[in-house]
Amino acid sequence: MIRTVAKRALDKKEPRLVENTKQALFVTGKTSTQVLHDAMIDLGALKKPDLKRFNKKNDVRPFEDAEPLEFFSEKNDCSLLVVSSSSKKRKNNLTFVRTFGYKVYDMIELQIAENYKFLSDFKKQTFAVGLKPMFAFQGAVFDTHPVYKQLKSLFLDFFRGTVSNLHDVAGLQHVIAVTVQGDFEDGEPLPNVLFRVYKLKTYKSEQGGPKLPRVELEEVGPRFDFKIGRIQSPSPELEKEAHKRAKQLEPKTKKNVSSDGMGDKFGTIHLGKQDLGKLQTRKMKGLKSKFDQTELDSETEDYVNEDEEDLQGGAEESYGEDFVTANDIDVEPPTKKARK
Amino acid sequence: MSTSAEERKSLPVTVEKAIPVTYDLGNLAVFDSNTLDRNDLDSSNAKREEHIKTLTRDNVQLMINQILSLPIKNSTESVNGSSGQSANVTLVQLPDPTTDLPREKPLPKPKAPTKWEQFAAKKGIKSKEKAGKMVYDEASGEWVPKWGYKGANKKLDSQWLVEVDDAPKKSGDELIDPRNLSRAERKKLVKKNELQQKRNLKGAK
Chain A
1 MIRTVAKRAL DKKEPRLVEN TKQALFVTGK TSTQVLHDAM IDLGALKKPD
51 LKRFNKKNDV RPFEDAEPLE FFSEKNDCSL LVVSSSSKKR KNNLTFVRTF
101 GYKVYDMIEL QIAENYKFLS DFKKQTFAVG LKPMFAFQGA VFDTHPVYKQ
151 LKSLFLDFFR GTVSNLHDVA GLQHVIAVTV QGDFEDGEPL PNVLFRVYKL
201 KTYKSEQGGP KLPRVELEEV GPRFDFKIGR IQSPSPELEK EAHKRAKQLE
251 PKTKKNVSSD GMGDKFGTIH LGKQDLGKLQ TRKMKGLKSK FDQTELDSET
301 EDYVNEDEED LQGGAEESYG EDFVTANDID VEPPTKKARK
Chain B
1 MSTSAEERKS LPVTVEKAIP VTYDLGNLAV FDSNTLDRND LDSSNAKREE
51 HIKTLTRDNV QLMINQILSL PIKNSTESVN GSSGQSANVT LVQLPDPTTD
101 LPREKPLPKP KAPTKWEQFA AKKGIKSKEK AGKMVYDEAS GEWVPKWGYK
151 GANKKLDSQW LVEVDDAPKK SGDELIDPRN LSRAERKKLV KKNELQQKRN
201 LKGAK
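In order, the protein sequences belong to chains A and B. Take 1 as the starting number for the first sequence in full-length UniProt numbering and just add one per residue. Take 1 as the starting number for the second sequence in full-length UniProt numbering and just add one per residue.
It is worth saying that the hints were derived from the structure and are not from the lab. Small disclaimer: the values here were computed from a predicted structure and weren't measured. No residue lacks a Cβ here, since even glycine has one placed at the ideal position from N, Cα and C. Treat the hints loosely; a few may be bogus.
What the hints assert, rightly or not - Some but not every residue of chain B turned toward chain A, in silico, with C-beta under 8 Å:
1) A29
2) V30
3) D37
4) R57
Said to hold, decoys possible - Covered stretches of chain B (in silico footprint by chain A; criterion: 3 or more residues with CB under 8 Å from a CB of chain A, positions within the stretch not fixed):
5) 38–50
6) 62–76
Full structure from sequences and hints, please.
Below, the structure written as structure tokens:
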């Protein structure tokens, strides 16, 4: 019995073609603070119900030694880890770690700057638990700068929840806005990332008609200004491995069916080569096949046939008369007919 | 937020952007790559939060417009299974996510070939077409399963007359009830197959 239970637990951890929602694990570091504790609670509120929490403090330093984190990841089957730590050099620091196959994929340190505000500080009705949030990434660097690209990928991966192609309209309740604090040039320090969560309020609008509403926002928290600390990006090989897509899941291309820019569907039909000899042209007596102009050699063949028939003698003729059909008579040359 | 409902009615639902924003509607995400003024977003600016909010509002408005113009499916779903209540749910059909995110675990490995499959590949033996489980029983005029409950392979077990060899192959064989022989043979095959299955599973890991 125990063996089957253990086997089932192991089977659950097996890699799958279509993966489950990534689980998050919040690890309290040895030097964690009350601020970090509250921040992790609030981030967890956005991630619920796909998370686990460690209450006791753990002596982990991700950038020095990532082995314990890999161990936690495997034991808890979580691929998103958040470690809290605080020091003089890096105050109120959250390390976001992603794992791939229980090995560290990438890490990024985000330090909470002074003007933070928690969910409890807003004292407003917040979003419901377990809803898929919307995202707004504001800043061109999210598409260009490698660090911000990694951040975008991390935040999307962390909070997006379950992927489904049907979404309840009433479930569009809150938006996570991630804004870069101004544009910057190379050489300048990386600007902070502003993390805000708003609740949507929609109003009927005359301009939008019955379909499109006017959207207004209300901040519900948490509010964090993240200062970017140390970064570890994935190696190119690991990145390639992690972004592999299953061939079985790719949509099959249908042969001979195409569509143009307007969405019109086209089909290609392959036909065999047309036999022009069988083409039906105008019907008239002169075009009947019996009047076909045949070559000389076919005429000589006819004579040979006649000779042979003669040679075969009377036996053939005695049967022959009974079996002669109208068709035969038609085809045979008139000379032979006269002889009979 | 001091605007009244009347004023809101006349507010626009469209937003003008210098660079059009991009969407990943599968992830409900919008990406705005317009330039951001550093002074507006500086922590010393008193109106900073206002700026972020209006910026986000514009982007969310654009995304909501996009989402609501996707194909919509209405369905009734029972809210509480026991109470039998049902509510009308409006669902939007989202496209597949376009942002490439890393997987959690590597792709599953294909199943290892069994010993027979290896042998068949070496010898070039093609697998037979599936013939189905049922077989026609001439005697009773019915379709019966080849194996299992009332299976055709159990016919030998219940013969009223059993053929017996003239001389036993091994000493001591004469003690065995010849009626049980065919059943024992069938059971032996089952055991053998189980063993092979186990061996294949072990080899796969």
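Quick rundown of the hints versus the structure:
1. Restraint check, A29 (chain B) versus chain A: the minimum CB separation of about 4 Å is within 8 Å; hint holds.
2. Proximity of V30 (chain B) to chain A holds as hinted, the smallest CB-CB distance being about 5 Å (cut-off 8 Å).
3. Taking 8 Å as the C-beta contact cut-off toward chain A, the hint placing D37 (chain B) at the interface holds, the least distance being around 7 Å.
4. With a cut of 8 Å, the hint placing R57 (chain B) at the interface with chain A holds, because the nearest CB-to-CB distance is about 5 Å.
5. Counting residues of the segment 38–50 of chain B whose beta-carbon sits less than 8 Å from any beta-carbon of chain A gives 7, enough to reach three: the coverage restraint holds.
6. Check on the segment 62–76 of chain B: 8 of its residues sit with their Cβ under 8 Å from a Cβ of chain A, so the three-residue criterion for coverage holds.
No hint from the list above goes unmet by this structure.
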